[in-house]
Each structure stands twice: as C-alpha cells, then as structure tokens.
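Could you build the full structure based on these sequences and the hints that come with them?
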Amino acid sequence: MVAAASTELMSEFAEPSPAGRLAGLRVLVVEDSFLAAASISRMLLDLRCRVVGPVATGEKALVQIEAGACDAGVLDINLAGRTSEPIADELFGRGIPYFFVTGYASPMLLSDRQRGHLRIHKPIAPAELRDALLRSLGAT
Amino acid sequence: MQPNPTSIDADAHGRADQGGKRGGVGAEAGLLIPVRSERPRLFALAVACIFVIVGLLWIWGSDKVLRWLALPPEVAQAVEVWKGTCYVVVTSIILYLLIARPLTRLVRSQAQAAGALRDLDRNQQILEQAQLLGQIGSWVSDPAQQGKLEWSRETYRIFGIEEGGFDGALETFFSMVHPEDRAAVRSASMAALAGKAEYAIDHRIVRPDGGVRWVHERARVERDAAGVPARMIGVCQDITERREAEGRLRESEQRLALLVHQSPLAVIVWDLDFAVTEWNRAAEQIFGWSAGEALGRQADFILPESVKPHVADVWAALMRNAGGSRSTNANVTREGRSIYCEWYNAPLVDAGGRVLGVASIVDDVTERRMAEQRQQRMTAELDHRVRNNLAAVISLAEQSGRAALDYAEFRVSFLGRVRALTRLHNALAASRWQGADLGTMVVQTLEAFGQDTTSKAMVHGPRVVLPARAAQAMGMALNELCTNAIKYGALSVPGGRVEVRWSIHTPVAGDPAAQQVLELSWVECDGPRVAPPTRRGFGTELIEGAINYELGGSAVLTFDPQGLRATLRVELPPDTELDPCEGQRPGGT
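Chains V and L, in that order, give the protein sequences. 1 is the number of the first residue of the first sequence in our numbering; add one for each residue after it. 1001 is the number of the first residue of the second sequence in our numbering; add one for each residue after it.
It is worth saying that the hints were derived from the structure and are not from the lab. C-beta: ideal position from N, C-alpha, C; glycine also. Accuracy of the hints is not assured; some may be wrong.
These stretches of chain L come out as covered by chain V in the derived footprint (C-beta under 8 Å, 3 or more residues) [unchecked claim]:
{"no.": "1", "segment": "1388–1396"}
{"no.": "2", "segment": "1536–1548"}
Derived Cβ-Cβ restraints for the label pairs, each shown as a range [to be verified]:
{"no.": "3", "chain 1": "L", "residue 1": "1533", "chain 2": "V", "residue 2": "116", "range": "56 to 62 Å"}
{"no.": "4", "chain 1": "L", "residue 1": "1408", "chain 2": "V", "residue 2": "63", "range": "50 to 56 Å"}
{"no.": "5", "chain 1": "V", "residue 1": "21", "chain 2": "L", "residue 2": "1308", "range": "50 to 56 Å"}
{"no.": "6", "chain 1": "V", "residue 1": "116", "chain 2": "L", "residue 2": "1451", "range": "46 to 52 Å"}
Next comes the structure, spelled out in structure tokens:
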C-alpha cells in the first residue's frame, strides 16, 4: 500500500527521480528521543539528505533555523513535555517545508493552526518518511 | 299571608306538621295555600236562611198580593194551584243568583289546595333525595326556645340516630360533638348569633355507636326587624371521606416534598418564562444559590455564555414538547466555579396538552467527566508510550545491527538493550511512572548479568528517585557500561571490580533556585589492561545519546589503562525526589 501510494505521488510530481530532488537537501531533525532521532537521521542519510541536528530542544532548533541551516524540517510534536509548535510556526513563517512525527494517534497538543498539518505516526518506515518529505516539499 | 294550617284536611295537616318538624320547610309551603276555612258552613247557613225567609214571605204575602191584584176568579184559582211550583221556581232562581258564583270559587280553591299539597309532597321528596345524595342534612334552631333544634331526615342519618330519637335540646347536640371540638363549635355559634361571623365550621361528631365522623356546617341567622335573631337555619354535611382523602393526599404530598427536598439530585421547576419556581436542597448545594435567591430568577444565572445558545435550543424543543429531555452541559456556580451537569428535563403538560413549565432533575457530573477525561488522556498517553517504545526497539535493532560484526554479537547486544528497556519499564510502572530509585536501578542492572557480577560491585550514593525520562536515559547508559565491563572490562575477569558512586551537587552554593546536579562515576579496576577503542561503538553513542542528547548532561569516558572510568553528569529536574541523608549500598544486597 505504501509502495502504491508512493508511486502515485511520484507520478503526481512528474519528476523522473524524486530521490534526486531530495539529494543534498538539508533536513532539520527535532526529536527528543535519541533512538528515534538516530533512526530518522539514518533514514534521511539513506535518502542522500544532509541531516541538520538532530536536536532535542526547541531552543537548539531555533538556533539552526535562524542560521539558515535547513531546507526542511522533521518535527517530533512532544519535546520532553513541550510542543514543537513554535518551531513549526517559525518554519511556516519562513516558507520552509516541514512535517510532524508523533506517537499520538489523535491530534492532541497542537492548536487549530497546526492541527491540520501533515503528520506521520511512530514508528515510522523509511518509505513513509520519504513520502512525507516529498509531500511537504510539493506543498510549498 | 297568615299562617293558618287548621283548615287543611286531616291528611294534609299531618304532613304539614311532619314537614315542620323536619326543619319548617313544610310549614313554609303551607303558608302559600289560600284557603278560607269558614266558607262552607256560612254557605249552608245562608242557603237555609234564604229558604226560610222566602218561604215565610211566600206564605204570608202571596194571598195579600193576589187579593191586591184583584185577579179574576179563574186566574186566581189557577194561581192557587201553581203557587207551590212558583215558589220553588222563584226560590231556586234567587238561590242561584245568590250562591252560584261563591260556590264555584270555593270548589276551585279546594282543587288548588289539593294540587299545592301534591306539589308540596313532591318537593318534600325531592328535597329529601337531594339531602340524601348530597349527604347534606338541614336544621333549624329557635333562639326563643333555648336554641331548640329541628333536624331533617338526613341530619338524623348523619348523626347515626333513629328519626325522632333526638330531643332537639342544644345540650344534647353538644354532647354528640367530639369533646375536642365542642368549644370551637360553641364559640362559632355564639359568634354567628352575635352577628360577628358567619357560621361555617368543620368539626367531628361522635355517633351513638362510637363512630367518629367529620361534618361541615354552615348556617344563616335570620333576624326580625329589630335585629333580634328569629331563627338559625343551617346545613350539615358529612365530609368524613373527603377529609380522609385530603389527609391521604396531604400525606403523599408531604412524602413527595420530603423526597424532593432530600434528593441527592437537584430538582428544579421552571415556569414558561424560564424562571425558577422550585429549587431543592441539592440544587442549593450544586449551584451554591439558596432557594430564596434562586426562586423567580431566569436560568441565565447558572449558564456560562458559551452554553446559552445550546440551552436556548433545548428550551425551544421542550416548549414544542419535542424532546430536549436530556442535556449534558457546562454550568456555573455562585462562586463562578465551572461545573458539568447532566440535565433530565420534562415539560409539565396539562390535560389539554398545553405546556405549563418544565421540571428538571440535575446531576453534577463534573467528577465523572474529569475522570473520563483523565481516562482519555491516559489511554492516549499509553498509546503514545507504546508507539515510542516500538520506535525505540526498531531503532535499537537498526543501530545494533549496523554496529554488530556478526549475528551472535547483534543478538546479545540487541536483546540486552531490549531487556534493559523492559526492566526500566517494570520499575517505572511499579511506581505508576512517578520515577525510579537510582540505587535500585544500578543494582538491578548489575543483577541482570548474574550473581557473579553483583559480588564484584560496590554501589554507593544517596537516595535519588529519578523522574521517568531521566530514569530511562540513565538506565540505558548503565546497561551499556555494564555490558562493556562484562565483555571487555573489569567484570570480564574473576578479580575485577567496579565501583559505582554518585552524589548531588548544587553548582551555585546558597542559591535555592539553582538546579541540582547528579554526578555518577563508574570506575573499573583490577581488570584487563585497557586500550583506547579503535572505532566509536554504538554503546558509546548510546551513552552519549542518553546523557548528552536526551538529558542535556555530559558523559565522559576515560579509557585509563588501569580500568575504564565514566563520569555521567546530569541536571536533576526540579521534581526529583531526594533524600538528604546519604546511604551506602554495598553490591549484592
């Protein structure tokens, strides 16, 4: 199913090689769990992206964003009891594509503004991450 | 018209008398009959006198008249022969002219009297039936005769006495009144006679058989021109059944009122303007407004702005008699506290289907709702943790697999890490995720590698209960240190030893706001000679990831040839539970 969905997406973007589009993309990873961050980082490296971070806190993430170090963002919603919403707002304000990663099945913690935004659920598969990244890029 | 019943025939007379005894109704009717009683005798006398007078006149006067007329002898002889006949004819004519009309009138009036008597009899019967049906007796009291009473048949029946078995004396009557009511009846009748009040009283009577009945009495005092009471006419109604029914109704109403008053659920009744007309004790407790304050007020005073449109819809449905029977919505108390209530509403409808108001029963479900929300949050949290743990396990598998040289190494390192996760989960679940004791965590980590290991360890530090997140990170780091020591370090040889010590520091002395720092040192000695690693293993990555990345602390590994030394420093979250007295934990206990 995932494969079918991704094929569809590929045709939608009508690009010969979506992976080529991702190569060299600087992706900021904001994730408070080291293991999850390591997993996402590895997947991004496999997609030939450049990983910015990973960082575990909003403060560190904002430093990276302000330095203009990233082209996209992967945000865990719950960062040790706080939400990544301010980071999302910052990325949105700068027109940088991003999407959420969460362990929550239902939309919690987020305000109405971010609730409808693209979101994938843990545990995530490499194909899901790739598709979400492509979709968020396509949306901008 | 003058009351004069003597001219009525014997039968009618008797009936009229009887009627009079029963309360004067018959006597009253008798006064209406127009009969001149001496007429027949006078008529008879008049007729006799006329015959005598005319006869004598005829005997004495007829010869003289004939002589004076000097009639011829033939005519005089003929007259002599017809004189008797003429006498009869003339007398008859005179009599007719004198008595025909009065006689006719007399006969007619007799017939009228008979008809009136028949009507009287009929009215009497109707009255008696009416008294029987209405259980209303009547009585007349005559002040001129010490208040002597005359009772109707129904009055006798009500008092349970054979007709005629009452002597009419006022004192006899009072002896039949219930002793507790006697004074009241006496004073009521005195007041009525004195013209101070209407005589209307409910009192009990005691029948000869001992049965107690309730009667309702009303009476009117009739006075003469001088204002002196002429008679007192009253009615007496048996209301025993009604009183008993009223008593039962009152009792059931009291029971219902008690039920409403003591109900743990609020009972509120609204009128058509949505204003309070009933407000019980539970309503006072739930909403904080007393009945005195709530009565007459419109519902707005217990509604927060946000629910007003919803409540307006519910009210409209109730008014149409089309639902609205149940509503769960927010309310506000007198103190401004927000509560959640379950409302069961029913329109109060009359027999014609018109809505008269609304009755509501209200339950404060704030606690239940909060529990439900807690439950929802917990379920979501559980889901979150399971997903995160699965993500962690998958990540561990990936990273362990990448680092391992072969399957055997992968299997040992991966399963060891999953078991460490399981151990931490158990410890935290046992404390309901409040935290885990650091000393216990260290001991349990060592124990996981067998008795041999624990006997080689020295564990020393104060009691620190780490919050869940810090405990998980620290636990994973300890597992990596232990695994490494077993594989390559001091715990891989029989004589090796490990010392685990920790302490709490306040970086800025005297500043209570400064976060406290936990410093844990892991020191291995008497093990094989240590050489610095040729490549960075995943174990090191994991320790740094847990301590540096997740907790924002620092993990320093020193590969001293005498043995590995690790120093883990983390800032303790403000909610960490600390024990001021330091304890010592030798390994293996």
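Consistency of the hints with the structure:
| no. | hint | in the structure |
| --- | --- | --- |
| 1 | 1388–1396 | holds (count 7) |
| 2 | 1536–1548 | holds (count 4) |
| 3 | L:1533 with V:116: 56 to 62 Å | violated (48 Å) |
| 4 | L:1408 with V:63: 50 to 56 Å | violated (43 Å) |
| 5 | V:21 with L:1308: 50 to 56 Å | holds (53 Å) |
| 6 | V:116 with L:1451: 46 to 52 Å | violated (57 Å) |
Of the numbered hints stated above, those contradicted by the structure are hints 3, 4, 6, listed in ascending order.
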